[in-house]
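Starting from the known structure of chain A, arrange chain B on it as the hints suggest.
Listed in order, the protein sequences are those of chains A and B.
Position 170 (the first sequence) corresponds to 170 in my numbering; numbering is contiguous.
Position 16 (the second sequence) corresponds to 16 in my numbering; numbering is contiguous.
Just so you know, the hints here were simulated from the structure itself, not pulled from any lab data.
On a predicted model such as this, the values are computed, not experimentally measured, just so you know.
For every residue, glycine included, the Cβ atom is placed at its ideal position computed from N, Cα and C.
No false leads were mixed into what you were given.
Just a few of them, taken from the derived set where beta-carbon distance is under 10 Å, the chain A residues facing chain B:
#, residue
1, 123
2, 138
3, 139
4, 154
5, 251
6, 274
7, 276
8, 358
9, 363
In silico negatives: residues of chain B with every beta carbon more than 12 Å from chain A:
#, residue
10, 18
11, 26
12, 60
13, 105
14, 185
15, 195
16, 212
17, 217
18, 220
19, 251
20, 260
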Amino acid sequence: MSAFRNPLDPNVTLGACPCGQHASAAEHDAQAATGERSDDDSIDALNRRVVESAVMRALFPRDATRRRFIRAVGAGTALSAISSVVPFGALEAIAQEKGPLEKKDLKIGFIPITCATPLIMAHPLGFYKRQGLNVDVVKTAGWALIRDKMLNKEYDATHFLSPMPLAISLGIGSTAVPMDVATIQNTNGQAITLHVKHKERRDPKLWKGFKFAVPFDYSMHNFLLRYYVAEAGLDPDKDIQIRVVPPPEMVANLRAGNIDGFLGPDPFNQRAVYDEVGFIHMLTKEIWDGHPCCAFGTSAAFIRENPNTFAALYRAVLEAARMAREAKNRELIAKVIAPTAYLNQPETVVAQVLTGKYADGLGAVKTDPNRIDFDPFPWQSMAVWILTQMKRWGYIKGDVNYKQIAERVFLVTDARKRMAEMDMKAPTTSYAKFKVMGKEFDPAAPDKYLASFAISRAA
Amino acid sequence: MKGVKETLRAALLSFVILAVLLGAWHLATLPKEQAAASDDEYAKLMGKGAKKSDGFPTPAQLGETIVRQLSDPFYDNGPNDKGIGIQLAHSLARVGAGFALAMLVAVPLGFLIGMSPLLYRAFDPFIQVLKPISPLAWMPIALYTIKDSSVSGVFVIFICSLWPTLINTAYGVGAVRRDWLNVARTLEVRPLRKAFQVILPAAAPTILTGMRISIGIAWLVIVAAEMLVGGTGIGYFVWNEWNNLNLTNVIFAILVIGVVGMALDILCGRLQTLVTYVE
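Just chain B, with the same shape it has in the complex:
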């Protein structure tokens, strides 16, 4: 009973914080009186009187934009003007492809490294050097060698989501309790069976944690990568609206990016609880 009450109170508090933020925002963006221009023609050319798209929007304007964008998310006016739904689909497809490839490499490789202390030491310097490189720094090299901008985007996602999973897998595999391995040895379990039925379930929670970090980073990076190479995706949408200095659309895109990122994280969290065990 106490738990439910706590949740309610937290929700109420969240709501109050939101209301305060929106109120402050509304007050800060109240339209100012525009000085009456002396020269009518000049004022008209400067766009006075007409609705200008720049400047910080009021919460009401943002609401309007959200309704307008979400009421038709899948329109397609040629390669440079697509609905938010299509842009999101492009971004998610890139993240999905890059992330899947990274997992195909990171999990088996992490397994190998984790099971063999020799390999662990041999690979360690490479991982330590490559891990801290900003994935976007790979972009010029990727564009030059891969010669395809959208594959380069996938490559950048691949390289940034590789490391957390690789390191976590290696750590998880290396940290399986010795007792369990000893039991397996006593029972003369073959290596393959040992890997799949003893080590994998034992290391799964750590591996999933790595994947959760990876997908979070991948989603962070895709926006920046798409702003750089353009074409399609939510990052391109932000860039295109930045060109037009249309902050309302940029804020809308930021909200969408946040919500999708949260959804991806929740999804990974669910998977994680599935494989978690109590010792």
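Extracted from the complex, chain A is given alone in its bound form:
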């Protein structure tokens, strides 16, 4: 019978039928029952029509209005006008994923820091809902608790520190449960903050005896701080003290004088400045520009049991990351994630972190649009670097098969597939060289890199 009804045709009625092809739901059911389908429409064209119809119905709930609009401006103009605001391509890609969702009600854990921006903003902005998921994002008190709640299966997926899934998968500081990194949440976005009383002691060589806080043993913060002080000739295990303090408690501890400084996640660096208890010594971007910090991931078992749900979740987070990468959206995002239900911070603090225009606590206003970025691609070379540092500081003993672990935990293949669906550019390689404090890291020769450090616990 009828060909697919073109939603851009002013003479066609878009009825209550779910596929948009029939005038009424009854007619749709009748055709579905006979199994009849027009042969001349390819699946792709069909798909596009369904998506277009859905969008048109959403834009013009009253059919008469739609017909009048298209008659007035013409179908071509209407389509281009609408597609400029609605990403038809992305919507079609979503519609193509036919598999039904295995699980719709999900719990995702997060720590209230700006690293988790994509994961958090996807909730108020409705990115999870758009994928048909009913997600609760649950604020959590610390990284150890995130680990325990993932192991307990209380959370379906979570915000991780990027070294955590590596450590948990290896059974270091935990029982061994395979965990996977789906995307990197953020790059850069951390800083070394010192107490205001140390304004005159900016040279790390003068930091002997300092007490520093990091969020967790298995964190980029710990590894970057150790790297930084070791480059200045201090042994991080002997010359300074490194304590684990949950990020939200860092400012309170700095104010109380329990610690001299911290290498921690934002917004707490900026919050220390805002409360006039600390100043930003340096952004971690100056140690390694483009370093990963947090990740979005889940257990290998969850992915195996709920592949379609995982794919939908993946798309929601990627969509958020794409929006977060655009500088023009940052002010809006700050407004959305600052309230009590999410970060619970003054909006200006979050905005200073995200826009990169900030007060440094020493009386200057600095501008650095790359203070934080949200490149989602899980480079396996990053995983290899993390493993070299875990070995360097004695968290892993013995031989490490760097590549094998990196490739098991950091899911680049999935990332490429999902990013392609979203029209996002994914790199074609999984390993890249990069520089940390001016020293080049070659992921192909991790052992040589590890042997090159003067201060090291590696045997």
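Here is chain B on its own, set in the frame of chain A:
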């Protein structure tokens, strides 16, 4: 007549103490003149001029917060932002569950231990070792074995409210006057009847004292436990406001915790007077 006068005087004195405290607080937190910042943009980024949520609040600010929080205690903005009423309900439910379970174990077990000197000696070393352990020290083990954070919270309440009731029950049962037991024996009362009609009423005041101590400890511990595991409850509320360094809300929560704790204690006190007898 003299009693009423005494009460009035005590109330007056309480009021004076409160007024002095509030006055001192008000004077100590009077806003200081802020130095005029040279760089406007920097000052704006530092939040100068705007109302900052940190710093010690004045009594007026606290009053404002109390009115705001209590005018809408049951709002629910998703899992991370709930009204104070809902948070309290979560905490009370946890305390209630843990406490009830503890009583189910502590009272019968205390009875057994109290009636048998042999069991008393056999159990004594265990009780003495387990009693002084801070209930929060159980948390990592509970999280690891129970694999559920809110059940772990209930378990911690259970373990901390167990000991005072257990010990008091055992003591109360053991200290029932010998004469009464002898009378029961002369009348050939069966053991079950003896337990319920002679020993229980005699030991009830001591048992209730144990319960009163237990519920007090349980309420102390729930705040700390919820700060540790998060999610919901009044402890989580304190933790969340601590993140934001919002002392006004923290002080408000402290007041609420105090009032609820007092209410629980009064409730137990009433029960206690019900079972108290004069010899």
